[in-house]
Amino acid sequence: MAHPNETRSRLYAVFAHSGLSVCEFTTLSLLELAKLNIAQLEDMEEGLAHLKEHFAVLDGSKEQMRSVLDMITVH
Numbered sequence: 004m005a006h007p008n009e010t011r012s013r014l015y016a017v018f019a020h021s022g023l024s025v026c027e028f029t030t031l032s033l034l035e036l037a038k039l040n041i042a043q044l045e046d047m048e049e050g051l052a053h054l055k056e057h058f059a060v061l062d063g064s065k066e067q068m069r070s071v072l073d074m075i076t077v078h
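When the count follows the numbering used here, it moves up by one through the sequence shown with no breaks and lands on 78 for the last residue.
These are calculated hints, taken from the structure and not from any lab test. Everything hinted at is true.
Below are the EDC-like pairs computed for lysine to aspartate or glutamate, each with C-alpha atoms no more than 20 angstroms apart in a straight line: (1) Lys55 to Glu45; (2) Lys38 to Glu49; (3) Lys38 to Glu27; (4) Lys38 to Glu48; (5) Lys55 to Glu66.
For each label pair, taking beta carbons as the anchor points, the in silico distance ranges come out as: (6) Met47 to Gly22: 34 to 40 angstroms; (7) Gly22 to Leu44: 29 to 35 angstroms; (8) Ser70 to Glu9: 57 to 63 angstroms; (9) Asp73 to Leu33: 55 to 61 angstroms; (10) Glu66 to Leu14: 52 to 58 angstroms.
We put the CB at the ideal spot given by N, CA and C, even for glycine.
Please put together the full structure from these sequences, using the hints given.
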């Protein structure tokens, strides 16, 4: 991860060459950050969906194991 001063220097350099006003540049920067946050949230949602699938499989396996144990203990 870049040092904050290095990141700040890069932002200033991009801003200086962009020809945008401070307000325009800030707005575009915030929009880009929002896009990154949305992408990260989508990745997290996808990860959670995979976890839910795994837990569903585990729950099914747990029920099967209980059935087998019940059959064993009954006999």
